[in-house]
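Trainee: Could you build all of it, start to finish, from the sequences and the hints given here?
Protein chains in written order, with the numbering used here: chain A, 1 to 418; chain B, 1 to 418.
Keep in mind the hints are simulated off the structure, nothing from the lab.
Fair warning: there could be bad hints in the mix.
Any copy will do: because identical chains look the same in the list, a pair fits if it lies in one copy or spans two.
To be verified - Simulated crosslink set (EDC-like; lysine to aspartate or glutamate; CA at most 16 Å straight-line):
| hint | residue 1 | residue 2 |
| --- | --- | --- |
| 1 | LYS310 | GLU411 |
| 2 | LYS310 | ASP190 |
| 3 | LYS409 | ASP263 |
| 4 | LYS310 | ASP350 |
| 5 | LYS310 | ASP410 |
Just so we're clear, the structure is a prediction, and the values are computed from it rather than from any experiment.
Residue strings, one per chain:
There are 2 protein chains.
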Amino acid sequence: MTPPYTIISADAHAGLPCEEYRPYLDSRFLAQFDEFLAQRRANRDEQMVLNYDYITNWETTHEEGLRGAYDPAQRDKEMDADGVAAEVIFPDADAITGMESPPFGAGLSAGMIDDAELAFAGARAHNRFLVELCAGSPERRAGVGLVPICHDVARAVSEIEWLADKPGIGGIMIPTMWRDHLPYNDPAYDPVWAACQAAALPVHTHSGEAPREEMNEFIGIYLAEVVFWTHRPIAHLLFSGAFERFPGLKFVVTEGASYWVADMKWKWDQYFGGGHTTKKMAALMKGILSKLPSEYFGTNIFVGASTMSKEEIRRRHTIGCDVAMWGTDYPHPEGTWPHTIARLRSDFGDVPVEDTRRLLGETAARCYGFDLDALRPIAARIGPTPDDLGQDVGLVTSPEEIRRAEWWKDEYQVAWNG
Amino acid sequence: MTPPYTIISADAHAGLPCEEYRPYLDSRFLAQFDEFLAQRRANRDEQMVLNYDYITNWETTHEEGLRGAYDPAQRDKEMDADGVAAEVIFPDADAITGMESPPFGAGLSAGMIDDAELAFAGARAHNRFLVELCAGSPERRAGVGLVPICHDVARAVSEIEWLADKPGIGGIMIPTMWRDHLPYNDPAYDPVWAACQAAALPVHTHSGEAPREEMNEFIGIYLAEVVFWTHRPIAHLLFSGAFERFPGLKFVVTEGASYWVADMKWKWDQYFGGGHTTKKMAALMKGILSKLPSEYFGTNIFVGASTMSKEEIRRRHTIGCDVAMWGTDYPHPEGTWPHTIARLRSDFGDVPVEDTRRLLGETAARCYGFDLDALRPIAARIGPTPDDLGQDVGLVTSPEEIRRAEWWKDEYQVAWNG
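Mentor: Following this line, the structure appears as structure tokens:
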């Protein structure tokens, strides 16, 4: 019998109803917190006018399950029913009206906060809640703490050190955009990377932010650009040598899709390892890279690909089954919950079991350090089997298929000559 | 006998040696011009220290041919020998040491100029030279005038109107980055788009600029990002409705590669025409789009793909043979000159003739309004034949192959419901 999948969702969200962050917030920020709450309520009222039917339908149909945003027992129940053994947890559980966001918007839009005090206060309030949420079943959780590194590196390091030894905490999230602060290629951030390497906490950006001020409210521009702004830090870390100075540093881009990894690996390998330009470019990379750019994917660079499209699944050997990590996006309505197994059956039916295991859990286990032995009994109880996904267990991926997926290595005779 | 190809290079460069722009410049800027020249010379000296062998080898080997940068007779001779019937001409002929750039860097880095007076003065100097260069054989030229639209829309419109009736002028180039000025989605630019539509002058961005101030001199970050910054205006024009307000407006992204068009069409069609999200998103696009995003490619949006990679040629039906336009990049060393026919033979050997004709000339003819009848005698004299490219004239592309190339249309049941 083929054992069931140990599914680790690399993208999930948790958050208290905004009001309930009050006891987690340092009391000197309570006046500003009341202003924040008033803004959030006004925003919800506006959303309700625009989308009343959609919002009320979603919220009433899933009333019980949505409580898992902050109630760990309910959360485990939803995960069990969905076949998910473990998960990586980001903030902002309410994706529609923003009513489960950390104080001052310190979650997915943290880069928007100008005031360092508010940025750290909001992050800390969420982190206190998150530590509580994850403490009960830490083997099933990788809670991602919020660290607004742009405002104050020393204080960011303290926050990372505070998070480091908490059970069930598995990473940190930094603002997606650095805006007017130092870009992430700056060595000023080295203490942050050092602290994350020491604590084995992967660093994340998560989609959400983009320079809206340049977009005049045109939603199409936002959608066209948001993926770039989410993955932009990869280039700034890689090509400034951060992964050479901190070989244990892991950087994860979450819910920013994964299709772009395919061309990124090709172009970056071609620039720095292709044909006759190799030696010249490799010389420019002295001390910055020690191998081909694509080789940092799956060791230092990972992608929390969320609910992958069929095309991304077809591209899995180019993107890398050791790079992309599937996720439910629970409890967001654009995710797969509460129909995860049906969706997996639809999308992975023709994928070999070995590739599926990596995309659905093994790569996340390696990235975050989940204990697969501890998760196995849970998976045995709840996990879908290859048969549940309609898979043919005889299907295997040939080495030739994997080799052809990285077609540029032959075509440009790519080699590292640094 | 299969007739020869009428090759139109959609990417070429021309420019005077910097010093020789002096008589083309309004005299009140001569003091600043001397400063600019001093900076350029210092930059050349620096480059020579770093790359003496490479630069002197290139410049001495090609001494005669490089004079085509500013000498139209020499230019025609180089084109003839290379099999190129006509060309689209951008500024900055010296890609290595920058010694053939318009005053004040008003060419490929125009967005860097803070002072509106200098921006327009540099552009005007180059435009005067360009009009002279193109006047002799206008059927072979589409000179791209420089128009720094971010500084002053009314003045930009005057410059466009001045360019509009000059023989051999075929487009305008705007700064690739708007920096602190209004983004290109702003209706403040409508008079510019109106003037370009009226004059049938395609608007261009050309690769070169990127936010270097965020890159701390790390060349890898620049290479990783420059394509995004070059094509970024497409989304800002399309999703602000510029192509609906100005249906005759054409926008061309040049020397920023073309591989990204494939995923761009997929994702944008999926966002705005895919499955169950269709109606909601199409409603948001009311008055902004009137068809699927991919359908603006080849009518309003074109790509000056320069020396396409083999992978881009393989993706030609996804990118669109009616979208991508091949180019030599003459006289830049990273281009195909003076070995264009050999390169075409290597890259297009297994491509059907019909697809090749479109990529090498017909799409550019349609985009820029070249007179193919006028070019035919030139092509008959100089153009390579399918046989010269080693092609099998029996090869044809099936309609099924073209349909499968736009795979997302079936997979997402893409349809415009606006």
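Trainee: How would you classify LYS310 and ASP410 at a CA-CA limit of 16 Å: within, between, both, or neither?
Mentor: Between. Shortest inter-copy distance 12 Å satisfies the 16 Å Cα cut-off; intra-copy 26 Å does not.
Trainee: Is it within a copy, between copies, both, or neither that the alpha carbon of LYS310 lies no farther than 16 Å from that of ASP350?
Mentor: within (11 Å within a copy, 30 Å between copies)
Trainee: Cα distance capped at 16 Å. Does LYS310 pair with GLU411 within a copy, between copies, both, or neither?
Mentor: Classified as between; 9 Å across copies, 26 Å inside a copy.
Trainee: Treating 16 Å as the Cα threshold, decide for LYS409 and ASP263: within, between, both or neither.
Mentor: within (13 Å within a copy, 21 Å between copies)
Trainee: Treating 16 Å as the Cα threshold, decide for LYS310 and ASP190: within, between, both or neither.
Mentor: neither (38 Å within a copy, 40 Å between copies)
Hint 2 alone, counting from the list given before, is not met by this structure.
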